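Student: Here is what each chain is made of, one letter per residue.
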Amino acid sequence: MDKFTTLTAVAAPLPIANVDTDKIIPARFLKTIKRTGLGVHLFDTLRYDSEGRERPEFVLNTEPYRKAQVLIAHENFGCGSSREHAPWALLDFGIRCVIAPDFADIFHNNCFKNGILPVRLPRAVCDQLMEDARLGGNARVTVDLERQVVVRPNGEEIHFEIDPFRKHLLLNGLDDIGQTLQYAPKIDTYESRQREEKSWLPGITVA
Amino acid sequence: MTETKPRTLFDKVWDAHVVEQLPDGTCVLYIDRHLVHEVTSPQAFEGLRLAGRKVRRPDATIAVVDHNIPTSDRRLGIAEEESRIQVETLERNVAAFGVPYFPVLDARQGIVHIVGPEQGISLPGMTIVCGDSHTSTHGALGSLAFGIGTSEVEHVLATQTLLQKPAKNMLVRVDGTLPFGCSAKDIVLAIIGKIGTAGGTGHVIEYAGEAIRALDMAGRMSVCNMSIEAGARAGMIAPDQTTFDYVRGKPYAPKGEALERAIAYWATLPSDAGAQYDKTVVLNAADIAPMVTWGTNPEAVVPVTGVVPDPAAEPDEAKRAQMQRMLEYMDLTAGQKLAGVPVDVVFIGSCTNGRIEDLRMAAAVTRGRKVADGVRAMVVPGSGIVKQLAEAEGLDKVFLEAGFEWREPGCSMCLGMNPDKLTPGQRCASTSNRNFEGRQGPGGRTHLLSPAMAAAAAVTGRLTDVRDMA
Ligand code: SF4
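Chains as they are written, first to last, in this note's numbering: chain A, 1 to 207; chain B, 1 to 470.
Because the hints were derived from the structure by calculation, they are not lab data.
The structure displayed is predicted, hence computed values, not measured ones.
Among the hints, a few may not be true.
Straight-line C-alpha distance at most 30 angstroms; calculated DSBU-like pairs for lysine-lysine [claimed, not checked]:
1) K3/A / K34/A
2) K3/A / K67/A
3) K167/A / K186/A
4) K165/B / K5/B
5) K198/A / K165/B
6) K198/A / K3/A
7) K337/B / K198/A
8) K255/B / K12/B
9) K165/B / K54/B
10) K12/B / K167/A
11) K250/B / K5/B
12) K370/B / K421/B
13) K198/A / K12/B
14) K167/A / K194/B
15) K54/B / K34/A
16) K319/B / K194/B
17) K255/B / K198/A
18) K34/A / K165/B
19) K186/A / K337/B
20) K167/A / K168/B
21) K421/B / K337/B
22) K67/A / K186/A
23) K186/A / K165/B
24) K54/B / K198/A
25) K67/A / K319/B
26) K250/B / K397/B
27) K3/A / K54/B
28) K165/B / K167/A
29) K250/B / K3/A
30) K186/A / K198/A
31) K421/B / K186/A
32) K186/A / K12/B
33) K167/A / K255/B
34) K370/B / K5/B
35) K5/B / K198/A
36) K34/A / K421/B
37) K421/B / K198/A
38) K194/B / K337/B
39) K186/A / K397/B
40) K319/B / K337/B
When you get a sec, could you build the whole thing from the sequences and use the hints?
Tutor: Here you go:
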């Protein structure tokens with residue numbers, strides 16, 4: 001997983017609430033067995049018409065937003081299906097940070113596992129950042145994870161909250177599994193205790 | 001010794017699975033059951049392979065294929081290449097890692113959330129995860145069951161744990177008795193209509209109250225299934241006699257004396273008197289009517305006697321625009337009555353309503369009637385076992401004689417990853433759980449409703465109040 005430290009980039013405004021993961025990446029693109037290559041299908045139905053042509057009005061089809069690395073949206077971003085293909089598609093497109101008033105839980109979790117920083121900021125702030133983003137390529141936003149600030153193009157700094165443990169993993173690009181395996185002896189102990197206390201709990205074998 | 005604080009059902013199941021609590025409150029949480037399917041697992045197994053890791057507890061893991069598989073005769077194989085590759089990849093992975101698996105031609109194959117409880121693989125008091133948001137279904141047994149992403153699938157495969165912070169507790173109490181013509185699906189749609197698609201975010205919902213207690217396990221599963229549609233991480237219902245009776249005799253459930261010891265433990269799980277919830281919502285079952293969605297998220301729902309709401313009456317500008325877009329997409333107009341809207345397709349199935357009890361409710365309305373001209377109506381049992389049970393009761397005949405298609409088990413038109421899809425502009429009365437744009441096929445229009453309401457729509461060709469058909 002790539003580290004996330006600071007990012008200065010073009011932000012794309014997507015003023016929609018309840019952007020579900022079916023919208024981020026429709027089910028018909030979930031048949032891949034890889035993590036990469038989904039960027040071209042990101043927001044497929046918003047981005048392309050039924051003939052597969054780009055819809056010129058969609059933000060990611062316009063300059064400078066084709067190169068956006070930050071996405072700004074409204075409430076409940078990433079609701080619906082647990083598909084990690086949603087953050088994979090965002091990442092493959094180049095998005096490293098999503099800013100919204102709030103996120104659906106599973107999507108929020110999935111972002112961290114892929115080096116994407118989800119930033120929760122109040123709706124009014126998101127609206128302001130969207131206005132900034134509409135100014136185009138010269139109005140880049142900076143997201144500084146270490147200092148937990150979003151810096152507007154005019155230099156104003158906006159603080160955001162983040163879970164310290166997740167911040168640590170993201171700043172260092174650490175893999176969760178490696179972290180957890182430090183606790184392997186404790187997991188062993190838990191399992192032997194469970195085998196005793198819940199001896200009624202059967203294992204699964206398929207005959 | 002300090003007084004122990006009264007705990008909720010969620011608190012108890014959570015506490016019983018904490019392996020280690022880190023200083024910031026994150027827990028290493030032990031996972032009792034891990035359900036795996038073909039869509040969200042390939043990259044996880046690949047990750048294990050790259051890191052040279054094994055599956056820590058194959059005996060706590062079960063794999064099925066459900067999302068991609070055709071619901072026509074499966075002995076013919078899978079024609080669609082990418083779907084076939086995904087299924088074959090799962091089969092290779094379960095063989096390589098020694099994971100138990102119900103293959104496509106096994107009667108026990110079905111939608112992962114139908115199979116777990118049906119086989120007694122999902123039990124009360126467990127932590128259960130799956131790379132699928134509707135894992136919340138299993139919470140009906142009084143387990144903590146939630147959906148995870150593929151990285152977490154890999155994490156559980158490798159460590160049998162997850163790194164998690166406890167959720168907040170939310171109580172949704174449904175008092176009173178459900179009126180005639182309504183079922184569990186109407187309860188959960190009414191709840192989502194009330195609290196909204198983000199109403200449960202950050203919370204685990206415990207469903208309680210007389211109307212919930214009165215539900216059979218199938219109904220409880222329908223309710224818990226859609227917790228995620230209210231934004232909640234999971235839904236739970238305290239185990240009781242209904243739960244114990246359901247579990248008894250299930251193939252993978254404990255038997256005899258072991259079962260009695262298990263029940264003695266499960267009986268300690270219901271929330272203590274005085275347990276605190278961060279949020280409480282109360283509904284009166286008597287106010288619930290058969291529900292139907294009009295928009296493109298499950299919160300856009302009204303009783304079938306209602307009308308399409310008017311965006312002009314919505315004060316929030318962004319919401320108004322969203323409603324307007326929903327109406328355009330759904331080809332409905334403000335003020336239009338829902339009853340009477342013609343449908344092209346009827347889909348009865350999915351992990352929300354693909355159980356035998358759901359098929360019985362649909363068959364009761366269908367019996368002796370015919371599917372309306374021009375309507376494609378299909379029943380997709382949730383598992384091979386459900387299909388067998390239905391055929392033993394003659395439900396397949398009821399549906400076939402009426403003109404329904406009677407298909408093989410799987411997710412099917414719930415998400416259209418297999419050949420069962422809506423075509424652009426088609427309108428579908430569906431017992432599934434998501435009405436997002438394009439969910440059942442690009443350009444398709446979905447109305448979510450109960451199995452009885454779906455059957456009523458099939459025979460009249462229109463959204464219909466099932467109470468008018470008694
Ligand atoms: S039936 Fe639908 S909601 Fe349920 S697991 Fe399958 S695709 Fe997901």
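Student: For every hint, state whether the structure bears it out.
Tutor: These are the hints, each one checked on the structure:
Pair hint K3/A plus K34/A holds up; C-alpha atoms about 21 angstroms apart against a cutoff of 30 angstroms. Restraint check for K3/A and K67/A: satisfied, since their Cα atoms lie roughly 20 angstroms apart, inside the 30 angstroms limit. For the hint linking K167/A to K186/A, the alpha-carbon distance of about 24 angstroms falls within 30 angstroms, and the restraint holds. With a C-alpha separation of about 19 angstroms, the suggested pairing of K165/B with K5/B holds against the 30 angstroms cut-off.
A hinted pair counts as satisfied when its Cα atoms are at most 30 angstroms apart, and K198/A with K165/B qualifies at roughly 24 angstroms. The suggested pairing of K198/A with K3/A is violated, with an alpha-carbon distance near 41 angstroms, which exceeds 30 angstroms. For the proposed pair K337/B and K198/A, the alpha carbon gap of about 54 angstroms is over 30 angstroms, so the pair is violated. A hinted pair counts as satisfied when its Cα atoms are at most 30 angstroms apart, and K255/B with K12/B qualifies at roughly 24 angstroms.
The straight-line distance between the Cα atoms of K165/B and K54/B is roughly 26 angstroms, inside the 30 angstroms bound, and the hint therefore holds. For a cut-off of 30 angstroms, the pair hint linking K12/B to K167/A stands: about 29 angstroms separates their Cα positions. With a C-alpha separation of about 35 angstroms, the suggested pair K250/B and K5/B falls outside the 30 angstroms cut-off, and the hint is violated. Proximity of K370/B to K421/B is assessed by CA-CA distance (about 23 angstroms); at most 30 angstroms being required, the pair is judged to hold.
Proposed proximity of K198/A and K12/B is supported: the alpha carbons are some 15 angstroms apart, at most 30 angstroms. With a C-alpha separation of about 35 angstroms, the suggested pair K167/A and K194/B falls outside the 30 angstroms cut-off, and the hint is violated. Annotation: proposed proximity of K54/B to K34/A holds, straight-line Cα distance about 20 angstroms (limit 30 angstroms). With a C-alpha separation of about 16 angstroms, the suggested pairing of K319/B with K194/B holds against the 30 angstroms cut-off.
At most 30 angstroms may separate the alpha-carbon atoms for a hinted pair to count; K255/B and K198/A meet this at roughly 13 angstroms. Between K34/A and K165/B, the direct Cα distance comes to roughly 29 angstroms. Compliance with the 30 angstroms bound is thereby established for this hinted pair. With a C-alpha separation of about 60 angstroms, the suggested pair K186/A and K337/B falls outside the 30 angstroms cut-off, and the hint is violated. Proximity of K167/A to K168/B is assessed by CA-CA distance (about 22 angstroms); at most 30 angstroms being required, the pair is judged to hold.
Of the supplied pair hints, the one linking K421/B and K337/B holds, its CA atoms being roughly 26 angstroms apart against a limit of 30 angstroms. Of the supplied pair hints, the one linking K67/A and K186/A is violated, its CA atoms being roughly 45 angstroms apart against a limit of 30 angstroms. Straight-line distance between C-alpha atoms of K186/A and K165/B comes to about 18 angstroms, which keeps the hinted pair within the 30 angstroms bound. Taken as a hint, the K54/B and K198/A pair is honoured in the structure, with Cα atoms around 25 angstroms apart against an allowance of 30 angstroms.
Distance check on the hinted pair: K67/A and K319/B sit about 29 angstroms apart at the alpha-carbon level, within 30 angstroms; holds. Restraint check for K250/B and K397/B: the C-alpha separation of about 27 angstroms stays at or below 30 angstroms, so the hint holds. With a C-alpha separation of about 26 angstroms, the suggested pair K3/A and K54/B falls inside the 30 angstroms cut-off, and the hint holds. Proximity of K165/B to K167/A is assessed by CA-CA distance (about 14 angstroms); at most 30 angstroms being required, the pair is judged to hold.
Taking the CA atoms of K250/B and K3/A, the gap is near 47 angstroms; set against the 30 angstroms cutoff, the hint is violated. Distance restraint check for K186/A and K198/A: the Cα-Cα separation of roughly 17 angstroms lies within the 30 angstroms cut-off, and the hinted pair is therefore satisfied. Pair hint K421/B plus K186/A does not hold up; C-alpha atoms about 48 angstroms apart against a cutoff of 30 angstroms. Distance check on the hinted pair: K186/A and K12/B sit about 20 angstroms apart at the alpha-carbon level, within 30 angstroms; holds.
For the hint pairing K167/A with K255/B, the CA-to-CA distance comes to about 46 angstroms; that exceeds 30 angstroms, so the pair is violated. With a C-alpha separation of about 58 angstroms, the suggested pairing of K370/B with K5/B is violated against the 30 angstroms cut-off. Distance restraint check for K5/B and K198/A: the Cα-Cα separation of roughly 24 angstroms lies within the 30 angstroms cut-off, and the hinted pair is therefore satisfied. Annotation: proposed proximity of K34/A to K421/B holds, straight-line Cα distance about 24 angstroms (limit 30 angstroms).
Distance restraint check for K421/B and K198/A: the Cα-Cα separation of roughly 45 angstroms exceeds the 30 angstroms cut-off, and the hinted pair is therefore not satisfied. As the CA atoms of K194/B and K337/B are separated by approximately 20 angstroms, the hinted pair is consistent with the 30 angstroms bound. Taken as a hint, the K186/A and K397/B pair is broken in the structure, with Cα atoms around 55 angstroms apart against an allowance of 30 angstroms. The hinted pair formed by K319/B and K337/B meets the criterion: a straight-line CA distance of about 21 angstroms does not exceed 30 angstroms.
Going through the hint list in order, the structure does not satisfy hints 6, 7, 11, 14, 19, 22, 29, 31, 33, 34, 37 and 39.
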